[in-house]
Structure formats: structure tokens, C-alpha cells
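Kindly produce the complete structure, drawing on both the sequences and the hints.
Same order as they appear, the protein sequences are chains A and B.
Heads up: the first sequence begins at 1 in this note's numbering, then just goes up one per residue.
Heads up: the second sequence begins at 1 in this note's numbering, then just goes up one per residue.
The reader is advised that the hints may include incorrect statements.
[Claimed, not checked] Below, in silico cross-link-like pairs of lysine-lysine (DSSO-like), each with a Cα-Cα straight-line distance of 27 Å or less:
no.: 1; chain 1: A; residue 1: K269; chain 2: A; residue 2: K183
no.: 2; chain 1: B; residue 1: K17; chain 2: A; residue 2: K160
no.: 3; chain 1: A; residue 1: K269; chain 2: B; residue 2: K27
no.: 4; chain 1: B; residue 1: K111; chain 2: A; residue 2: K161
no.: 5; chain 1: A; residue 1: K250; chain 2: B; residue 2: K6
no.: 6; chain 1: A; residue 1: K160; chain 2: B; residue 2: K3
Bear in mind the hints are in silico, worked out from the structure with no lab data behind them.
Computed from a predicted structure; not experimentally measured.
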Amino acid sequence: MEAKRLGLQTVVFRQAPCIVGCSTIAGPKEGEGNLGSYIDTLVDDPLMGQPTPEKAERMLLYQACQDALAKANLTEDDMQLFIGGDLLNQIISSSYCARDLGIPFLGIYGACSSIVEGLGLGALIVDGDYADSVLVATSSHYQASERQFRYPIELNIQHKKSNQWTVTGAAAAVLSKTRTGPKITMATFGRVLDYGIRSPNDMGAAMAPAAADTLCRHFQDTGTSPGDYDLILTGDLAAVGQKLFVQLVKESDYTLDSKHMDVGAAIYKPEQRSGAGGSGCACSAIGILGYVVKEMLEGKLERVLAIATGALFSPVSNQQGDSIAGIAHAVVIEA
Amino acid sequence: MDKAQKDLHARYQQMVKEATPQPNRWKNLVMAFITGGVICTIGQLFYNLFEVIEPSRLETTAVTQAAMIALGAIATGLGLYDWLAERGGMGAAIPVTGFSNTVTAAAMEFKREGYILGMGTKMFVIAGPVLVYGILSGFVVSLLRAVLTGSLF
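This is how it looks when you write it as C-alpha cells:
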């Protein structure tokens, strides 16, 4: 039997679970952005007619799950596991969504890296024959995140250029080994790295070292190089973070050039006043399950290395003077 | 933390500093001056108006403050004040309308958790430090004045 582990951090899925159905949903600001045409469902009201953004977020997540199931021609009853994560305290969006779906639930928290953590775990479970079909989903909401991590929405704040705007949206994918669709062939689970960044206004900078570390580890583990991929996608490093990421990767003697795209830096247009770009679980999830999967289905991309990054901190740890750690997970998706 | 790690952090901080775009300070300065100036001019107009009705200086000042606070709260409720502050920066934050905004914004935000434990508890979550240290520094300055001049008033 061929080895299922490569090097220090990478796993190989010999039965390569497929994304048999996936769906993305987002708010109006994301719809007006650069990736608007790759998002399946756009809603006009970011609050979804709900009294609070928290309730709206879990509606977005539930909707994304239902749409993904419908696209795979499956129902909740066909799913043996639901893996979900989000940014809100005690991952309430995922938990309440799991309550409504009624699928056995594994809640995860990897901050904005949750989608790749979920896809990686889901692929492990499917590849290991522990489940035939697994539903993976994440969500984030601008208003819900602002009030939890930063300030009230209407407060008189002049945002810094390094600030990032949390994407309002959700994305879900059904993983299964029985059907066709983009395959998940490898995953590299990342280490938590802390380079001493303290400002929550510099989240891209806090996450860039972890992204560079996971990428370089992946290349070393698998013996691949940037040339082996059509696209190397990072989740939400945004303008400042991606600059640092490219620099750090260069120090390890890998040149990314035009192979690299960061969803955070790409998702909004400059005139949308979003600081350095987008962030949040939905940011990387829309990039992977919206942009990458659609481009693959159209035959424009063959092999993609998708890295999602997360900033690991809480408002309490931050106020107590702790620095912000970063994490990054990667999966290889092949058409 | 060992030295190698400290050096790594210091080197990375330098990289971050170089990668982060600097704010356009001159533009911010001018925008803050204009925004603050316009708000204060509106305040002066109110003052002149109220002076006609009630010529006492203390009363006129108090009513002007109240009017500006109300104006800040209304602008916040209409979703205009954060738009103004995004452009005007400190010009919008420092006048009393900005203070009013911090209280109103928090009240709007936390109303969702109820009027007592939400709005009631968290209304001053941003304005609280301004009150605490405003009162403290007022007390210290008054005390100094009393000691130096030998008079409380």
C-alpha cells in the first residue's frame, strides 16, 4: 500500500474524495466586488430580514448547506457528518446550523482557515472509509464580527489601510468518494506560528508567516514546486499580508510570480473602501468553493494549491497583551 | 523568549512596517480640520440663535451642547456619522457630536441583547473611559487651581 503520509506535515488521499456539490452565498458588497460572478447566490439584505447579524449568519450558512446538497442531488439524510466552523464565540453559527440540519456534527475553529481545515478533515474521514459523504461549511458576517472583535458598527472610526473587511457570506461543500468533481488529493496541516504581531489591525501580517511556513513545508514534503500548480491560492492575507507572504516565501527560495492569488486582496474593488481587503471564514471559502471550483469545472484550472489562513486570538487575549498567532492549512484540489 | 526569536520578531516587525501603506497624513489633517470646523460652525450658529432667545452665557452654552449632542445622535441613527468619521477622522471624533456618537452607536449595537443587560450595561462601553478620565483630570486640574490660587471658584 502506498504511503498516506509525506514528509512532516502532508497527507495524501489515495481515494481522492471529490467535491460533488458546493455552493456559495454572500451579501451585496461581495456581489459588487471582483468575485461577484463566481458567487452562486447573492442576497440584497445582509441581515436576511433577521433582527441580528448573528441570526443572519446562521441563515446564510444553512442556505449554503442546502444549496450544496441540492447541487449534489443529496439530502441531509445522505450525510454522515457535518464539519463546520465560524468566527463567532463558541462557533454558534455552525452549531445552530447543525441543529437545523440534524447531521452528526464536528465543530471546528481555525478562524479564517476553517474551510481548509474542514475540507482536509472531511477528506481524511472519507478517504479513511469512515464516511461516504461529509458536508463541510463555514460562514462569516461583517456586522457580527465587527461587534465581537472590534467596535460597534456606527462608531466614528477611521479605518487603517491595513484593516480588513470581514466577508458576509457562507460556503458549503459535499465531499464524497463515489462521484465525480474536483478531487482533494493532498492536505498539509499547518503549525501555529507567532511572529509577535499585536495589532488586530494587522491581521494579514500576523497570518503571513504561517501561510509561508505551510506552503514551504508542502513543497518540501511533496517535492513539488510552484511550477507544479496552476494556481496557489491564499485565503485572506489581503494587500499587506500577501506582500509579506511573497517576501517570506522568496526567502525560502521559491518564486510564486503570477501563480499566486490572494482572495482577500482580490474580493473587493479598490473603490469599495475595504482597507487592505477581505477576511473571514467566508472569504477563503468563496475563493475556493466559488472561484477555484468554477474555474476547474470550466477547464481553466487543473491543479490548485489552496491555503487558508487564520489569526488565532480573542479580544480578551489581545487586551491582555498577548500577540496574535497565525495558522495556515493547505489542500491540493485537482480537476 | 530567546534572543534568536526576539531578533526574528524585530526583523519581521521591520518587514511589516515597510509593507504597510502609510496614511496620507496631510490629507487626513486637512479633512479633519474641515470636518471639525464645519461641526463647530454649526455649533456656533446654534449658539448665536440661542443667545437671541436666552442671553445668559451659561444657559446658552448648555443648550448648544444639548443641541449638538442630539444632532450627533440623530446623525448616528441615520448611519451618517460613521461615514463622516471615515473621511473626517479626528475632526468628527473630538467634538461633542463624536462623544454623542460613541454612546448612540453602542446603544444601537447592544439593544439586540435587551434594554437592561444589553443597552443599559454596554451603552458607555466606548464612552466610559472618556467619562472616567475626563472627570478625573477635571478634578485634578480644579484641585491644582484651588491650591495655586487659594480659591475654589
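Practice prompt. Assess, step by step, whether the Cα of K111(B) is no farther than 27 Å from the Cα of K161(A), and give holds or violated.
Written response: violated, 30 Å
Worksheet entry | K250(A) paired with K6(B) [C-alpha distance capped at 27 Å] | Judged against 27 Å, a Cα distance of about 22 Å means the pair holds.
Discussion item. Please verify whether K269(A) and K27(B) have alpha carbons no more than 27 Å apart.
Written reply: holds, 22 Å
Practice prompt. Decide if the proposed pair is consistent with the structure: K269(A) and K183(A), CA atoms, cutoff 27 Å inclusive.
Written response: Not satisfied, since the Cα-Cα distance of roughly 31 Å exceeds 27 Å.
Item to complete: Verify the proposed pairing of K17(B) with K160(A), using a straight-line Cα cut of 27 Å.
Response: holds, 13 Å
Worksheet item: Taking only the CA atoms, is the gap from K160(A) to K3(B) under or equal to 27 Å?
Response: violated, 31 Å
The earlier numbered hints that this structure contradicts are 1, 4, 6.
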